[in-house]
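Enquirer: Assemble the complex: chain F is given as a structure, and chain R must be docked to it using the hints.
Protein chains in written order, with full-length UniProt numbering: chain F, 1 to 325; chain R, 1 to 325.
Take these hints with a grain of salt, some might be off.
Same chains, same label: a pair holds when it works inside one copy or across any pair of copies.
Claimed, not checked - Calculated pairs, DSS-like style, for lysine-lysine (alpha carbon to alpha carbon, straight line, at most 25 Å):
id, residue 1, residue 2
1, Lys41, Lys296
2, Lys41, Lys115
3, Lys120, Lys214
FYI, nobody ran anything at the bench for these hints, they're computed from the structure.
There are 2 protein chains.
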Amino acid sequence: MIELPPLTQIPNQAELLVTHEAIHPFVHRTPILTNASIDRKAGAKLFFKCENFQRIGAFKMRGAASAALRLRPEERERGLATHSSGNHAQAVARMARELHIPAYIVMPHDAPRVKVAAVKEYGAEITYCNNTPDERQAALDAVVRQTGAAFIHPFNDFGVIAGQATCAMELIEDTDVVLDTIIAPVGGGGLLAGTALAGRYFSRRAEVVAAEPKAVDDAARSILSGRIESNAVNLTVADGLRTNLGERTFAIIHRYVSEIFLVEEQEIIDAMRLIWERMKIIVEPSCAVPLAAILKHPERFRGQSVGIILTGGNVDVDRLPFGQS
Amino acid sequence: MIELPPLTQIPNQAELLVTHEAIHPFVHRTPILTNASIDRKAGAKLFFKCENFQRIGAFKMRGAASAALRLRPEERERGLATHSSGNHAQAVARMARELHIPAYIVMPHDAPRVKVAAVKEYGAEITYCNNTPDERQAALDAVVRQTGAAFIHPFNDFGVIAGQATCAMELIEDTDVVLDTIIAPVGGGGLLAGTALAGRYFSRRAEVVAAEPKAVDDAARSILSGRIESNAVNLTVADGLRTNLGERTFAIIHRYVSEIFLVEEQEIIDAMRLIWERMKIIVEPSCAVPLAAILKHPERFRGQSVGIILTGGNVDVDRLPFGQS
Numbered sequence: 001m002i003e004l005p006p007l008t009q010i011p012n013q014a015e016l017l018v019t020h021e022a023i024h025p026f027v028h029r030t031p032i033l034t035n036a037s038i039d040r041k042a043g044a045k046l047f048f049k050c051e052n053f054q055r056i057g058a059f060k061m062r063g064a065a066s067a068a069l070r071l072r073p074e075e076r077e078r079g080l081a082t083h084s085s086g087n088h089a090q091a092v093a094r095m096a097r098e099l100h101i102p103a104y105i106v107m108p109h110d111a112p113r114v115k116v117a118a119v120k121e122y123g124a125e126i127t128y129c130n131n132t133p134d135e136r137q138a139a140l141d142a143v144v145r146q147t148g149a150a151f152i153h154p155f156n157d158f159g160v161i162a163g164q165a166t167c168a169m170e171l172i173e174d175t176d177v178v179l180d181t182i183i184a185p186v187g188g189g190g191l192l193a194g195t196a197l198a199g200r201y202f203s204r205r206a207e208v209v210a211a212e213p214k215a216v217d218d219a220a221r222s223i224l225s226g227r228i229e230s231n232a233v234n235l236t237v238a239d240g241l242r243t244n245l246g247e248r249t250f251a252i253i254h255r256y257v258s259e260i261f262l263v264e265e266q267e268i269i270d271a272m273r274l275i276w277e278r279m280k281i282i283v284e285p286s287c288a289v290p291l292a293a294i295l296k297h298p299e300r301f302r303g304q305s306v307g308i309i310l311t312g313g314n315v316d317v318d319r320l321p322f323g324q325s
Numbered sequence: 001m002i003e004l005p006p007l008t009q010i011p012n013q014a015e016l017l018v019t020h021e022a023i024h025p026f027v028h029r030t031p032i033l034t035n036a037s038i039d040r041k042a043g044a045k046l047f048f049k050c051e052n053f054q055r056i057g058a059f060k061m062r063g064a065a066s067a068a069l070r071l072r073p074e075e076r077e078r079g080l081a082t083h084s085s086g087n088h089a090q091a092v093a094r095m096a097r098e099l100h101i102p103a104y105i106v107m108p109h110d111a112p113r114v115k116v117a118a119v120k121e122y123g124a125e126i127t128y129c130n131n132t133p134d135e136r137q138a139a140l141d142a143v144v145r146q147t148g149a150a151f152i153h154p155f156n157d158f159g160v161i162a163g164q165a166t167c168a169m170e171l172i173e174d175t176d177v178v179l180d181t182i183i184a185p186v187g188g189g190g191l192l193a194g195t196a197l198a199g200r201y202f203s204r205r206a207e208v209v210a211a212e213p214k215a216v217d218d219a220a221r222s223i224l225s226g227r228i229e230s231n232a233v234n235l236t237v238a239d240g241l242r243t244n245l246g247e248r249t250f251a252i253i254h255r256y257v258s259e260i261f262l263v264e265e266q267e268i269i270d271a272m273r274l275i276w277e278r279m280k281i282i283v284e285p286s287c288a289v290p291l292a293a294i295l296k297h298p299e300r301f302r303g304q305s306v307g308i309i310l311t312g313g314n315v316d317v318d319r320l321p322f323g324q325s
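Only chain F is shown next, with the shape it has when bound in the complex (with noise of 0.2 Å):
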């Protein structure tokens, strides 16, 4: 098992590349798809790198998988910790897993009865707290306190977002063609920071951009504020891009994304209808972000070799978002 130097500030081309390296037992190198009929209606040469087939059905398995092998050997037999519903409580239940060590996840009350099971499969030691930040903050303070394990952060960390820079970095490696530009989605900002290191490492021309529901449109303001956003609301069908930015994701994506372009709730739900059904293949709404947007600013594609980043697979299918006739 390669272990990593912990990452104290961006990471930078070689850090990223040992990182790949050292992740690769954890995490499997996912399929690039393309479409021929989706491709036809947006007008662009669309590749898809599908973290839906990754290990626990989502990218969140790289970030996990990186900020584990920064730990001492003493600190990361204490164990891993974080506080997530979704999938990154997932992906650092498994990283723990693999690693012979316990896991530590506080979740909400009311967190989707399948995504506890999925946590409690894995063997993580589960906490529950009530739905609002301070008290999963407390929480989580009590977990690392009582059993010293190791908190990982779901995106405001540099391990992760090396981590999660691995997924971009294989798919401009694997994709036959130069990419113009690679889309990802933005909630916390990891994978879209690492993307945006990757593109700029890694590829001669792609420029990095991001995709973002209107509804929870923190990213694109801190873009344009110069600091950290928030969201009033965060009700979105894309339950993966609720969170805002840390400082760490920030500063990376300030720096580096040019554009974060907006979508309408039913855009995202039509494009990832349009996955689905043209696909057959199962991504989360999270997914469609990015094809929603690419869709509703064709001018700006049009003849584009376009790298998209499909984020995980992990839906309810007894909860959809499509109209049950």
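Expert: Relative to chain F, chain R alone:
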């Protein structure tokens, strides 16, 4: 374009090989996926042949291509005709478009809107009829009389059977282990008959078995009684499997298929959910029937390498069989 001679009897090994060669420009060589977590649940090593990624989203493209290439040029240019409200309609329409000839599809008035739209998108001319066998046949006869188009039967045609056989040929060729069993669902029997021939001609060991919804167990009863049985009602979630066998498919299946496993409706839905949730791919209920059979009879399949044909992925995402809680 390779043209094929007509088939008036059960195709032999060489005829399947040349069929595979001839249809190559019109079909995808679909991937074979594996899933460690479903393997653990099944106690077997499963190889899923993903015809949900086939053109038009189902294996039916193979049979339509094989049948169309067997028409004499002067027949072919008058166009293709069929009756179907499902994947075969789309396959015939798409193949006609590939050959730049007309397609005439007879569909019931109450066919799903999405299926009608897909057939229209391929440029076919639709004739609506009432949803009874007699009226359907009358409408088809009228279309054929008026247009001179060639009728492509959905399954009871040796050309179609030869086309469907190419799916298992690829499964056998592209799997890096020797398969112990190949399992396919059975409706009209075109796929199963083709799979049985492919298994017999191209596998050193594989036994070909089938799976069928208990609610429409006509094929299982036909094997026992030695003649084609039919269903009094055909209510099953596996809408691709409601048809009875034809005499050509029966002749092959009766001879070469050793066993047909029956599964309950809820077992089909549970297996479909398992494929969706673990593999992150969209498959039709019919696809889940073989996996349901494997999970129901673990002792039969334990420790084996089993090839499973996933027939297609054309589901209406607005009407899924999962509980909408």
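Enquirer: Can you tell me if Lys41 and Lys115 fall within 25 Å by alpha carbon in one copy, between copies, both or neither?
Expert: between (34 Å within a copy, 19 Å between copies)
Enquirer: With identical chains, the pair Lys120 and Lys214 could be close in the same copy or across copies; at 25 Å between alpha carbons, which is it: within, between, both, or neither?
Expert: For Lys120 and Lys214, neither the intra-copy (34 Å) nor the inter-copy (35 Å) Cα distance is at most 25 Å.
Enquirer: With 25 Å as the alpha-carbon cut-off, assign the pair Lys41 and Lys296 to within, between, both or neither.
Expert: within (11 Å within a copy, 43 Å between copies)
The earlier numbered hint that this structure contradicts is number 3, and it is the only one.
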